[in-house]
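Participant: Next come the chains, spelled out residue by residue.
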Amino acid sequence: MAMMGKVLEHEGRFFIEVENRLEELDPMLVGGVEVLQKLAGQEVELVTQDIPWIAGVMWEKVRILCYIPPIEHFRDLFAEHLVAPVDLHAGPAVPHVYAAASRRVKFPRGPLCYIPAPWVIRGVEDVIRKNLLEQFRVDEIITQEVYERLIG
Amino acid sequence: MSASSGDAGLALPKTFVLELTRRCNHRCLYCYTSWQAPELAYPSNGHENSLAEVKELILRLQEQAPVENIALSGGEPLLREDIAEIVDFLRQRDIAPVLITNGARLSPEIVDATREETTYEVTLLSHRKEIHDRLAGVPGSWDDAVRGMANVRHARGSLVAVFIATKLNYMDLHRTAELAIALGADGMMYNRINLGAANMHLADALLPTPAMIEENLATLVELRRQYGLVVAISVVIEPCVIDVSKYPTLHFGWCPLAGPDSYFTFDPAGNIRICNHSPTVLGNINRDDFREIYYHHPYVQAFRDTWPAECADCDPKLKAMCGGGCKAAAEQCYGTLARVDPFVVLNRSH
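Line order of the protein sequences matches chains A and B. Those letters in the first sequence? Residues 1 to 152, per my numbering, in order. Those letters in the second sequence? Residues 153 to 502, per my numbering, in order.
Bound-form chain A, shown alone:
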């Protein structure tokens, strides 16, 4: 079942309300402030961010600032068992699967950091319309006249 969350706006900042918690949204990740303003107040389908997890060093301890879910194959392993030595030299750009295997980090159960799903944000893309139009012309479902009207 799809993960759903509500987009909220508060004093110019945007949040996703999901699973009884709030996560702040970076407008740059979802196409800008205008996109989020249109979605504000709506219940939307969510996906998790497709970026590595982010860690920071605070008071000589590694602190995970934000998680993404590991690929499906490793998710249960990370959620249930993973406790590995910490490698402080591994930066946030290290692919998370490799990084996780070498750290003493307890991963949380389930992912954090949700954003509205791309198909909620972008609508139908022109290239998709053109490809479909081409199919319908080749299949002779629409006439050449209609095709040219739309291509023009």
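Be a bit skeptical, because a hint or two may be false.
Stated by the list, open to error - A few chain A residues facing chain B, derived, Cβ under 10 Å:
{"hint": "1", "residue": "A117"}
{"hint": "2", "residue": "L133"}
{"hint": "3", "residue": "F136"}
{"hint": "4", "residue": "I141"}
Claimed, not checked - Listed below are the simulated DSSO-like cross-link pairs for lysine-lysine, each with C-alpha atoms no more than 27 Å apart in a straight line:
{"hint": "5", "chain 1": "A", "residue 1": "K6", "chain 2": "B", "residue 2": "K398"}
{"hint": "6", "chain 1": "B", "residue 1": "K398", "chain 2": "B", "residue 2": "K319"}
{"hint": "7", "chain 1": "A", "residue 1": "K130", "chain 2": "B", "residue 2": "K281"}
{"hint": "8", "chain 1": "A", "residue 1": "K6", "chain 2": "B", "residue 2": "K469"}
{"hint": "9", "chain 1": "B", "residue 1": "K166", "chain 2": "B", "residue 2": "K471"}
{"hint": "10", "chain 1": "B", "residue 1": "K166", "chain 2": "B", "residue 2": "K207"}
{"hint": "11", "chain 1": "A", "residue 1": "K38", "chain 2": "B", "residue 2": "K398"}
{"hint": "12", "chain 1": "A", "residue 1": "K38", "chain 2": "A", "residue 2": "K6"}
{"hint": "13", "chain 1": "B", "residue 1": "K398", "chain 2": "B", "residue 2": "K469"}
{"hint": "14", "chain 1": "A", "residue 1": "K38", "chain 2": "B", "residue 2": "K166"}
{"hint": "15", "chain 1": "B", "residue 1": "K471", "chain 2": "B", "residue 2": "K398"}
{"hint": "16", "chain 1": "B", "residue 1": "K471", "chain 2": "A", "residue 2": "K6"}
{"hint": "17", "chain 1": "B", "residue 1": "K319", "chain 2": "B", "residue 2": "K281"}
{"hint": "18", "chain 1": "A", "residue 1": "K6", "chain 2": "B", "residue 2": "K166"}
Unchecked claim - Some but not every residue of chain B turned toward chain A, in silico, with C-beta under 7 Å:
{"hint": "19", "residue": "V298"}
{"hint": "20", "residue": "A302"}
{"hint": "21", "residue": "A334"}
{"hint": "22", "residue": "G380"}
{"hint": "23", "residue": "L381"}
{"hint": "24", "residue": "P400"}
Please keep in mind that the hints were generated in silico from the structure rather than gathered at the bench. Source: prediction; values computed, not measured. Cβ atoms here follow ideal geometry from the backbone N, Cα and C, with glycine treated the same way.
Assemble the complex: chain A is given as a structure, and chain B must be docked to it using the hints.
Facilitator: Just chain B now, with coordinates in the frame of chain A:
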């Protein structure tokens, strides 16, 4: 009386439907207009408001309600020669127009004259012209609709495709939506057929089964994911027939029960009804105050308060969501608000 709140503390609606004409160039099998069914004894006054009368109606309504949107319907609203003037007047009054049309008369000239701020809702029943034409009742109607939609897209107008699901076309939904996207639709309105008195006798041939509707809902989820197509479901799909919670990404519409989200409807003579499906005339805008009807008309109160007998044992959560199905369809088909609409009655009996 205030135009924003009334005696009952209920906000006034902002959306209305204007049926501009009873005339139509199609003979749709799924049409539910009350004036087609002699047994409903709908007022036979065939008067069609002139342009001046339509403008007067809009001004009167704006005095009585915070009007934001008006959907122009019929019959076929584009059969009116003054449609561009009506749309233009709505814009002048800061009202967003929606044109509900079969698309047959969406010529480049009509589109150019009406497209500013207008949303066009054009019926596309199948990617197969023979199916569309059969449901629309007129040969050539598919060609006309496709050409009309292409004209809207060419002019960069805002286009929504309307798919009415019946037993004859439900299996075409995916390909039809793809065609709608190719023709420029930004969204799709999906409605199961909502029967009326005039076509109740076609229920066996037209009314989809729950399994057919469920297949369509899964298709709509996929269309949204695959193409980003915005989907709205307007006619109620009762949760006692289909578990709609399985489709969280779809937006389901429920009966607004003559409340703030309702869309009271004015027929071509100015007669007022609760919605475009309702057969009951509550008054006329030329002599009656809309607020008086909205807040005090006994039929409106009954519409809000009456629950169909079939809902007596229903889970209160479902009941609150669904509002008792489409009471207007129940009234058309069974002559009472106290029954649930045929989609539930007939599917339960099967």
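Participant: Each hint needs a verdict: does it hold in this structure or not?
Facilitator: Verification of the hints:
1. A117: At about 8 Å, which falls below the 10 Å cut-off, the nearest Cβ of chain B leaves the hint on A/A117 intact, so it holds.
2. L133: holds (4 Å)
3. F136: holds (5 Å)
4. I141: OK, holds: A/I141 within 10 Å of chain B, min 6 Å.
5. A/K6 to B/K398: With Cα atoms ~18 Å apart, A/K6 and B/K398 stay inside 27 Å; holds.
6. B/K398 to B/K319: Holds, at roughly 22 Å.
7. A/K130 to B/K281: holds (21 Å)
8. A/K6 to B/K469: It holds: about 21 Å lies between the C-alpha atoms, which stays within 27 Å.
9. B/K166 to B/K471: holds (25 Å)
10. B/K166 to B/K207: Holds. B/K166 to B/K207 sits at ~17 Å (cutoff 27 Å).
11. A/K38 to B/K398: Given pair A/K38, B/K398 holds - Cα atoms ~25 Å apart, limit 27 Å.
12. A/K38 to A/K6: holds (12 Å)
13. B/K398 to B/K469: Holds, at about 16 Å.
14. A/K38 to B/K166: holds (20 Å)
15. B/K471 to B/K398: Within the cut-off at roughly 17 Å; holds.
16. B/K471 to A/K6: holds (24 Å)
17. B/K319 to B/K281: holds (16 Å)
18. A/K6 to B/K166: Judged against 27 Å, a Cα distance of about 24 Å means the pair holds.
19. V298: Nearest chain A Cβ about 6 Å off; hint holds.
20. A302: With Cβ-Cβ at 4 Å, under 7 Å, it holds.
21. A334: Cβ of B/A334 sits 4 Å from chain A, so the hint holds.
22. G380: Hint holds; B/G380 Cβ to chain A Cβ min 4 Å, cut 7 Å.
23. L381: holds (6 Å)
24. P400: Since the shortest Cβ distance to chain A is 5 Å, the answer is holds.
Checked against the numbered hints given earlier, this structure breaks none of them.
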